[in-house]
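Number of protein chains: 4
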Amino acid sequence: MNDHRNEPTLSDVSDWWATNISRIEPNRIDLRGRPVQDLIGSISFAGIIWLMLRGETATTGQEHLLEAALVASVDHGPHAPSIAVARMAATCGIGLNNAVATGVNLLGDVHGGAGEQCMTLLNDVRQRHSEGIDVASAAGMTVREWQDRSKYLPGFGHRFHTVDPRRDPLLGLVEQAVADGVVAGSYLRAATAIEQVLADGRTRPVPINIDGCTAVIYAELGFPPPLARGLFVLSRSVGILAHAWEETGQGRRNKGPMPPSILPTFDDGSRHDGS
Amino acid sequence: MNDHRNEPTLSDVSDWWATNISRIEPNRIDLRGRPVQDLIGSISFAGIIWLMLRGETATTGQEHLLEAALVASVDHGPHAPSIAVARMAATCGIGLNNAVATGVNLLGDVHGGAGEQCMTLLNDVRQRHSEGIDVASAAGMTVREWQDRSKYLPGFGHRFHTVDPRRDPLLGLVEQAVADGVVAGSYLRAATAIEQVLADGRTRPVPINIDGCTAVIYAELGFPPPLARGLFVLSRSVGILAHAWEETGQGRRNKGPMPPSILPTFDDGSRHDGS
Amino acid sequence: MNDHRNEPTLSDVSDWWATNISRIEPNRIDLRGRPVQDLIGSISFAGIIWLMLRGETATTGQEHLLEAALVASVDHGPHAPSIAVARMAATCGIGLNNAVATGVNLLGDVHGGAGEQCMTLLNDVRQRHSEGIDVASAAGMTVREWQDRSKYLPGFGHRFHTVDPRRDPLLGLVEQAVADGVVAGSYLRAATAIEQVLADGRTRPVPINIDGCTAVIYAELGFPPPLARGLFVLSRSVGILAHAWEETGQGRRNKGPMPPSILPTFDDGSRHDGS
Amino acid sequence: MNDHRNEPTLSDVSDWWATNISRIEPNRIDLRGRPVQDLIGSISFAGIIWLMLRGETATTGQEHLLEAALVASVDHGPHAPSIAVARMAATCGIGLNNAVATGVNLLGDVHGGAGEQCMTLLNDVRQRHSEGIDVASAAGMTVREWQDRSKYLPGFGHRFHTVDPRRDPLLGLVEQAVADGVVAGSYLRAATAIEQVLADGRTRPVPINIDGCTAVIYAELGFPPPLARGLFVLSRSVGILAHAWEETGQGRRNKGPMPPSILPTFDDGSRHDGS
Numbered sequence: 001m002n003d004h005r006n007e008p009t010l011s012d013v014s015d016w017w018a019t020n021i022s023r024i025e026p027n028r029i030d031l032r033g034r035p036v037q038d039l040i041g042s043i044s045f046a047g048i049i050w051l052m053l054r055g056e057t058a059t060t061g062q063e064h065l066l067e068a069a070l071v072a073s074v075d076h077g078p079h080a081p082s083i084a085v086a087r088m089a090a091t092c093g094i095g096l097n098n099a100v101a102t103g104v105n106l107l108g109d110v111h112g113g114a115g116e117q118c119m120t121l122l123n124d125v126r127q128r129h130s131e132g133i134d135v136a137s138a139a140g141m142t143v144r145e146w147q148d149r150s151k152y153l154p155g156f157g158h159r160f161h162t163v164d165p166r167r168d169p170l171l172g173l174v175e176q177a178v179a180d181g182v183v184a185g186s187y188l189r190a191a192t193a194i195e196q197v198l199a200d201g202r203t204r205p206v207p208i209n210i211d212g213c214t215a216v217i218y219a220e221l222g223f224p225p226p227l228a229r230g231l232f233v234l235s236r237s238v239g240i241l242a243h244a245w246e247e248t249g250q251g252r253r254n255k256g257p258m259p260p261s262i263l264p265t266f267d268d269g270s271r272h273d274g275s
Numbered sequence: 001m002n003d004h005r006n007e008p009t010l011s012d013v014s015d016w017w018a019t020n021i022s023r024i025e026p027n028r029i030d031l032r033g034r035p036v037q038d039l040i041g042s043i044s045f046a047g048i049i050w051l052m053l054r055g056e057t058a059t060t061g062q063e064h065l066l067e068a069a070l071v072a073s074v075d076h077g078p079h080a081p082s083i084a085v086a087r088m089a090a091t092c093g094i095g096l097n098n099a100v101a102t103g104v105n106l107l108g109d110v111h112g113g114a115g116e117q118c119m120t121l122l123n124d125v126r127q128r129h130s131e132g133i134d135v136a137s138a139a140g141m142t143v144r145e146w147q148d149r150s151k152y153l154p155g156f157g158h159r160f161h162t163v164d165p166r167r168d169p170l171l172g173l174v175e176q177a178v179a180d181g182v183v184a185g186s187y188l189r190a191a192t193a194i195e196q197v198l199a200d201g202r203t204r205p206v207p208i209n210i211d212g213c214t215a216v217i218y219a220e221l222g223f224p225p226p227l228a229r230g231l232f233v234l235s236r237s238v239g240i241l242a243h244a245w246e247e248t249g250q251g252r253r254n255k256g257p258m259p260p261s262i263l264p265t266f267d268d269g270s271r272h273d274g275s
Numbered sequence: 001m002n003d004h005r006n007e008p009t010l011s012d013v014s015d016w017w018a019t020n021i022s023r024i025e026p027n028r029i030d031l032r033g034r035p036v037q038d039l040i041g042s043i044s045f046a047g048i049i050w051l052m053l054r055g056e057t058a059t060t061g062q063e064h065l066l067e068a069a070l071v072a073s074v075d076h077g078p079h080a081p082s083i084a085v086a087r088m089a090a091t092c093g094i095g096l097n098n099a100v101a102t103g104v105n106l107l108g109d110v111h112g113g114a115g116e117q118c119m120t121l122l123n124d125v126r127q128r129h130s131e132g133i134d135v136a137s138a139a140g141m142t143v144r145e146w147q148d149r150s151k152y153l154p155g156f157g158h159r160f161h162t163v164d165p166r167r168d169p170l171l172g173l174v175e176q177a178v179a180d181g182v183v184a185g186s187y188l189r190a191a192t193a194i195e196q197v198l199a200d201g202r203t204r205p206v207p208i209n210i211d212g213c214t215a216v217i218y219a220e221l222g223f224p225p226p227l228a229r230g231l232f233v234l235s236r237s238v239g240i241l242a243h244a245w246e247e248t249g250q251g252r253r254n255k256g257p258m259p260p261s262i263l264p265t266f267d268d269g270s271r272h273d274g275s
Numbered sequence: 001m002n003d004h005r006n007e008p009t010l011s012d013v014s015d016w017w018a019t020n021i022s023r024i025e026p027n028r029i030d031l032r033g034r035p036v037q038d039l040i041g042s043i044s045f046a047g048i049i050w051l052m053l054r055g056e057t058a059t060t061g062q063e064h065l066l067e068a069a070l071v072a073s074v075d076h077g078p079h080a081p082s083i084a085v086a087r088m089a090a091t092c093g094i095g096l097n098n099a100v101a102t103g104v105n106l107l108g109d110v111h112g113g114a115g116e117q118c119m120t121l122l123n124d125v126r127q128r129h130s131e132g133i134d135v136a137s138a139a140g141m142t143v144r145e146w147q148d149r150s151k152y153l154p155g156f157g158h159r160f161h162t163v164d165p166r167r168d169p170l171l172g173l174v175e176q177a178v179a180d181g182v183v184a185g186s187y188l189r190a191a192t193a194i195e196q197v198l199a200d201g202r203t204r205p206v207p208i209n210i211d212g213c214t215a216v217i218y219a220e221l222g223f224p225p226p227l228a229r230g231l232f233v234l235s236r237s238v239g240i241l242a243h244a245w246e247e248t249g250q251g252r253r254n255k256g257p258m259p260p261s262i263l264p265t266f267d268d269g270s271r272h273d274g275s
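Sequence lines, in order, name chains A, B, C and D. The first sequence begins at 1 in my numbering and counts up by one. The second sequence begins at 1 in my numbering and counts up by one. The third sequence begins at 1 in my numbering and counts up by one. The fourth sequence begins at 1 in my numbering and counts up by one.
Keep in mind that the hints were calculated from the coordinates and are not lab data. Warning: the hint list may mix true and false statements.
Pairs involving identical chains hold if they fit within one copy or between any two copies, as the list cannot separate such chains.
[Stated by the list, open to error] Simulated crosslink set (SDA-like; lysine to any residue; CA at most 25 Å straight-line):
#, residue 1, residue 2
1, 151, 35
2, 151, 226
3, 151, 124
4, 151, 203
5, 151, 205
6, 151, 254
7, 151, 60
8, 151, 20
9, 151, 259
10, 151, 207
11, 151, 127
Bound-form chain A, shown alone:
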């Protein structure tokens, strides 16, 4: 360090913060190479999300599909930890931005991360299929391999809904997009093949859930798996904000998870499980 090759310059400082996303100079704001004044009024909010993340503009068909996925995930009520903690945060005398950040912080591997993992799962099926195995068999092999590792198959099944009302409209839009030539459909086929594997011989099927449906859409649109979580963050932030704001209006202070008259159980170790 500090040897002659590394003697720092102001250029090194500028380069340390180099970015391809925006170019901000006095009186100039370009986003992905487009002057911001050309975007305002002409691009939709979903459209600029695509532009900022991908570096180019979406076609109408692509944007429509992205928009449907973003709309579908905005909220799942106070049982979702992200929503509940934002409501509690809103009663603690912190800013609305801090309450939203609190909710977003919880959208981890287990709460929102399933979409990212599901894209990997679907890629497994596609990879096997690309090597000449039919989709149904590829799905069967993939499911068995994943189920050996974990009882949760990301993107399938729901602890709450037996038929998630978001499944059919979302997959219907993907089917339409395949018919219109907007997307290729290989992820959709992989997902429905897995769903079929999980239904065979079962009395209670394990349908594609919301994480699975949006994973299909994001994968068909060419987003890399980590952005499935990123896009979920943008979508769920809407519900988090709405709930934090509603709670603000109720005037509670220091809201706990249940009415104050109910005391948590003191677990002296004699209980047999933690749930």
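Please build the complex by placing chains B, C and D on the supplied structure of chain A, with the hints as guidance.
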């Protein structure tokens, strides 16, 4: 507490989490009274933001104006603390959601909160005007009063841009919306009157900045002041996500604020100021 | 900007991050002017908290009092929003550090900020007393003035405890420290005078609560009011971490605020209040 | 759900928040079975950290070792992302608690998580040794296996210090604790064996770093690996708070990562790397 009137019931527990925003039951998801399956594919992302926050659907004109404001604020490059910290967070081995939350956490009174304060400022002018004072005089009185308290007038001036490229297209859209009968225009008039006051006799005017422009839009659309910050959060989250994701791709670990070969000054107290 | 006076140099970059707290150079780590190797093994954890925040070392008496306040606030169970959200966060597949940050984020004006406000309240009494008014009268005047503005008097009363078990030991330690000449006692006298005002003629007194007791200690020790919140953050982080860690061991995923079989009430607007 | 086995009761609600850590009832606060009034004034801050995390009290020797590790990690200056973002956060108009939470949020796998991984590494050596292999050989085998997977060996080497001034005093305290019978020393032996492997035949050795030294201590004291990160959070929070507070006093608003007159490089894709 725990007297007979307050003996808790399961109803109290349900009521503790009462909400008007969403109704989630097995196989049912209603958002603001609309089944989610009716929204998917038919409402835009900006449209559902309006629905979730307002409880009703926007008109096309309202949605167009909201969308323009959301688009305009997505990014202001790595000099914005929200963007810089999200990039640094992305190098520390935490989830993309945690990196976004880190950035959002910084959108406080000083960084994003100006829109909320500007709406209060504009309301002061409107209040005076409603009492019979002409707008120009009302703006002058308001400016003098606010400047007595602080050297910052929220929504006006920029440390960086002398002419913010986002000003004209945003205010132009508001003018058009006034002409189309979408909004009334009183906040626009208050803001331009203040801008005029600040320009009179100055060689360097203090134009409406991005916080001021979006405050005009959110106020014209009927949002309460705290939601100016809330909407800014949704908008800037897009840029925060894009930058965190770009940083992830650069493979840095544990990124500090400047190249490691440059050491922070040790301030032994002999320096005359902290900046 | 960018005119000849402001042409930046590498020194400006170093100065941008100037600090008096630590001096970190290759093979050198000084904290507040002390080589870290001289501190390890010879200073307590409470002692280094004092050193880092104050720039000098504490006396044994000062450290003992600080330590008592830090110990007293570590936990208040799952009803405290900070604790509850950290437990929920721990089930969402994020790091233990992210779960702790989630809890700390909630320690705002209403949840932990009372100590900071209480120090201002006590300063009001002292100020009046320093102008020649006896403490009891000064307390009465201050209480009336504050109660005109808000029904909450920061640092007094508890929604839960009628006699907070932390009050007597904490105030007893302050009394002892006054007797030992460690602190002056003026904040203690102001606080007990207020407590007396609030008890006069009441069947249910409003005793000093934990925020009030720690505010007395931090004020007696010379900490500025905002650090009452800062020190509470360090203290409560211990409980937040312990609870997040315990929850991790219970193996729950995506923990909501109540058992999943209980649904939140849908509030269609016919309910008369939000609580 | 909602079938007769699962019909919820108020007991289920209490059990949902069951904890062994604290028992909070009106006028009663027990921490790990001890009345809080018995702890205040008699237990140190490091002591209550041990009690809360372990459920029992530490011996003097254990507490002394824990305290040394907590002291050693409090700060590493503004180059540490956790410190830098907290300083930036403090200029954005958010609470001091929110600024601390912002810093803590960054203490992930790459920034603070090394201690947790190092404990796993040391366990590998101990496991091999317990199977009859001498420590030096066990260390060699473990190092080769880990280096096949990653170029970073957690707990060893530093990008900044060739000799970390914290190494010798920390390991010296562990040696003393072994001599005193406080801890067994097997983790210390594993760590120094790895250090020897990394030094053999090198002109530039790769010494145990601070994450490695504290991992040795936490492991010798019987903490599970994830708590290495948890304890680092408690320690580093002190430095984060001190820096956020210092920044508050400097009066800057909206502080970016470098002086505003220096612009980030716009990376049009022609640069060959991202650093």
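Structure-inconsistent hints, enumerated in ascending order: Violated: hints 1, 7 and 8.
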